[in-house]
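The listed protein sequences derive, respectively, from chains A and B.
Following our numbering, the numbering of the first sequence begins with 1 at its first residue and continues without gaps.
Following our numbering, the numbering of the second sequence begins with 1001 at its first residue and continues without gaps.
Keep in mind that the hints were calculated from the coordinates and are not lab data.
Be aware that a few hints might be false.
[What the hints assert, rightly or not] Dumping the calculated DSSO-like pairs for lysine-lysine here, alpha-carbon to alpha-carbon at most 27 Å: (1) A:Lys45 to A:Lys69; (2) A:Lys81 to A:Lys69; (3) A:Lys130 to B:Lys1261; (4) A:Lys45 to A:Lys335; (5) A:Lys180 to A:Lys131; (6) A:Lys233 to A:Lys173; (7) A:Lys298 to A:Lys81; (8) B:Lys1261 to A:Lys206; (9) B:Lys1261 to A:Lys131; (10) A:Lys180 to B:Lys1261; (11) A:Lys131 to A:Lys69; (12) A:Lys45 to A:Lys329.
Just so we're clear, the structure is a prediction, and the values are computed from it rather than from any experiment.
Read off the chains here:
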Amino acid sequence: MLKRLTAVACAALALGAAGAAKADISGAGATFPAPVYAKWAEAYKAQTHSQLNYQAIGSGGGIKQIEAKTVDFGASDKPLKPDVLTSNGLMQFPTVVGGVVPIMNLPGIRPGQIHMTGSVLANIYLGEIKKWNDPQIAALNRGVPLPNLPITVVHRSDGSGTSFLFTTYLSMKNPAWASKVGGNDSVQWPTGLGGKGNDGVAAFVKQTLGSIGYVEYAYAKQNHMTYALMQNKQGAYVSPDANNFAAAAAHGDWSKAPGFYLLLLDQPGAASWPITGATFILMHKQQTNADTAASVLKFFDWAYKNGDPAAASLDYVTLPPAVKALVRKSWGQIKGPNGQPTYVSH
Amino acid sequence: MSVTDLATTERTRPRGAAFDPIFKWICAAAATTLLAALTGIVVLLAIGGWPALSRFGLSFFTSTDWNPVTDVFGGEGPIVGTLVTSFMALLFSLPIAFGVAVFLVEFCPRVLRRPIGVAVELLAGVPSIVYGMWGLFVFAPFFASYIEVPAMSAAQPGSLLEMLTQGVPNGANILTASIVLAIMILPYMAAVLRELFLTVPVQLRESGYGMGSTTLEVVTSITLPYVRRSAVGAVMLGLGRALGETMAVTFIIGNSHTLPKSFFDSGSTIASTIANEFNEATTPMYTSALIALGFVLFLISFAVLAIARALLGAEKAV
Chain A
1 MLKRLTAVAC
11 AALALGAAGA
21 AKADISGAGA
31 TFPAPVYAKW
41 AEAYKAQTHS
51 QLNYQAIGSG
61 GGIKQIEAKT
71 VDFGASDKPL
81 KPDVLTSNGL
91 MQFPTVVGGV
101 VPIMNLPGIR
111 PGQIHMTGSV
121 LANIYLGEIK
131 KWNDPQIAAL
141 NRGVPLPNLP
151 ITVVHRSDGS
161 GTSFLFTTYL
171 SMKNPAWASK
181 VGGNDSVQWP
191 TGLGGKGNDG
201 VAAFVKQTLG
211 SIGYVEYAYA
221 KQNHMTYALM
231 QNKQGAYVSP
241 DANNFAAAAA
251 HGDWSKAPGF
261 YLLLLDQPGA
271 ASWPITGATF
281 ILMHKQQTNA
291 DTAASVLKFF
301 DWAYKNGDPA
311 AASLDYVTLP
321 PAVKALVRKS
331 WGQIKGPNGQ
341 PTYVSH
Chain B
1001 MSVTDLATTE
1011 RTRPRGAAFD
1021 PIFKWICAAA
1031 ATTLLAALTG
1041 IVVLLAIGGW
1051 PALSRFGLSF
1061 FTSTDWNPVT
1071 DVFGGEGPIV
1081 GTLVTSFMAL
1091 LFSLPIAFGV
1101 AVFLVEFCPR
1111 VLRRPIGVAV
1121 ELLAGVPSIV
1131 YGMWGLFVFA
1141 PFFASYIEVP
1151 AMSAAQPGSL
1161 LEMLTQGVPN
1171 GANILTASIV
1181 LAIMILPYMA
1191 AVLRELFLTV
1201 PVQLRESGYG
1211 MGSTTLEVVT
1221 SITLPYVRRS
1231 AVGAVMLGLG
1241 RALGETMAVT
1251 FIIGNSHTLP
1261 KSFFDSGSTI
1271 ASTIANEFNE
1281 ATTPMYTSAL
1291 IALGFVLFLI
1301 SFAVLAIARA
1311 LLGAEKAV
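Let the sequences and hints guide you as you build the complete structure.
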């Protein structure tokens, strides 16, 4: 977390210092990828003297701003459905991938010692499983000394892409969750406490014996939280780490997903982490200023080529090369006033 | 030429008199801007909240069903949470604010007056996010282990205490939120009460002492009756601030939209709900429901301030 904060602070300083100069491209939206966009922008500016101004105002705000055309690109943690894209004349493409990790506070339990399935996790969040030594949890964890502690459910209080991935995954694995709660940025939580942001959830879990929560991978890793192994589609229990998020991203069949509308939840593959998701960039297909659109695409093309180490240092997972190639091809849909593609990647 | 004639001719046109009408217009414009901004806010809140208020009607105030997935919104949880935490905060901070004010006016040695006054002002200047983080990382864990856990383990099964203390012992509940709010409104109330106590004419108090009254008797029989109504107004001002407090509460109230069932239960307030959810409110009805909550908060604050003004005004007229 500190690393990310420093990156944001540095980027903010860089942006502030150059604030007087002309902002070449502007974007707004999701907070989750903001640190990596800021780091990329910093490196890109050093090389090309082109300025990127990104405002992390949340995915909802990013979608509203790109629809109103007040920014050159929007960013959202939740992909827009193909029909919504079409009706707004938008296209979207993924940039980086992240994972959502269930974390817990259990005395005497090591990270990765608890095994969990999506369905049981949903029953915990529904408030139906109330104690850690419940038979449903015990059946998944033979030989683990589960304490007779009440379970305190912790969730996000603010709307977020992290909650969207988590609740959508629970909907896929548990019909009761799907009918009673559903998947969304924010839902009507049947039980539990709401913490503000990943920080708030992590703090409540740390302070509450017997609690369970969910946070972005970087927070689980940097705070050394006790995490659970999750059962994936193939029945294997996998640990939350960058390789397993990458495995899920690689198994996503992007080529068959119109408008890149693809949730990386519950993907096949022995190593795939089941609660994985990409974050997206939104742009208008018909551009009034071909040069601006070209500068935006040029920036992301540069980031695809050179940005992977920076992203990895901030605990993001980058896209597999095949997916990047597909995205580059999709940029042909973005056309200038003359009907020609604004940017062709070389 | 008489002396009076000379005086009037010299006084009729002071230098710069031509600017007075302009000055008057500038001031009038400033006042109008303020009124226009206030009206604009009310009107926009009403218009923005209308879709939600008209669709859910009375159930917006009587239902705790707050479901962004199905687009059904009932604000009873946040509305009740706002009122409960604010009044509890008032209850906690009033005696302390009163004590601070009486000490400063009646007992405080002259040397200490300034330092304590400055301390009160500093407390008022701490940004609310700082209170929030202090509440989340310091106060909540402390409260959980030294108050909640002992209280919950002392409670007999089935007793009233058990009912009042049920919840999760982690310090995120309406009671801790109220206590942090109480600390936040304390300096305002202490400062206003002190000013009020200083308005009591010295003759009155001195004659009280001259009659052989104790300090307690002077405070209860002379000072308090003299400022009674204004003091209620001061209290209302503190309440107004507690109602709208956002970040500190958001961090430690636990943010659930249900009605709090005990002191250790989590809840939410209108301001914390808006702060939490406005960023990612994607459907128009969701946004409208949050704006409608804002409108309700505005009405509550307005009512509180109106009562405060009425009481303060009444005092001056006496």
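Results of checking the hints against the structure:
A hinted pair counts as satisfied when its Cα atoms are at most 27 Å apart, and Lys45 (chain A) with Lys69 (chain A) qualifies at roughly 24 Å. Under the criterion of a C-alpha separation no larger than 27 Å, the hint pairing Lys81 (chain A) with Lys69 (chain A) is consistent with the structure, at around 19 Å. The suggested pairing of Lys130 (chain A) with Lys1261 (chain B) holds, with an alpha-carbon distance near 19 Å, which does not exceed 27 Å. Taking the CA atoms of Lys45 (chain A) and Lys335 (chain A), the gap is about 25 Å. The hint holds against a cut of 27 Å.
Between Lys180 (chain A) and Lys131 (chain A) the alpha-carbon distance is near 21 Å, which keeps this suggested pair within the 27 Å criterion. Between Lys233 (chain A) and Lys173 (chain A) the CA atoms are separated by roughly 10 Å; this keeps the pair inside 27 Å, and the hint holds. As the CA atoms of Lys298 (chain A) and Lys81 (chain A) are separated by approximately 25 Å, the hinted pair is consistent with the 27 Å bound. Straight-line distance between C-alpha atoms of Lys1261 (chain B) and Lys206 (chain A) comes to about 25 Å, which keeps the hinted pair within the 27 Å bound.
Restraint check for Lys1261 (chain B) and Lys131 (chain A): the C-alpha separation of about 21 Å stays at or below 27 Å, so the hint holds. Our distance criterion of 27 Å between C-alpha atoms is met by Lys180 (chain A) and Lys1261 (chain B), whose separation comes to about 23 Å. Note on Lys131 (chain A) and Lys69 (chain A): the hinted pairing is violated, with a Cα-Cα distance of about 50 Å set against a maximum of 27 Å. The hinted pair formed by Lys45 (chain A) and Lys329 (chain A) meets the criterion: a straight-line CA distance of about 25 Å does not exceed 27 Å.
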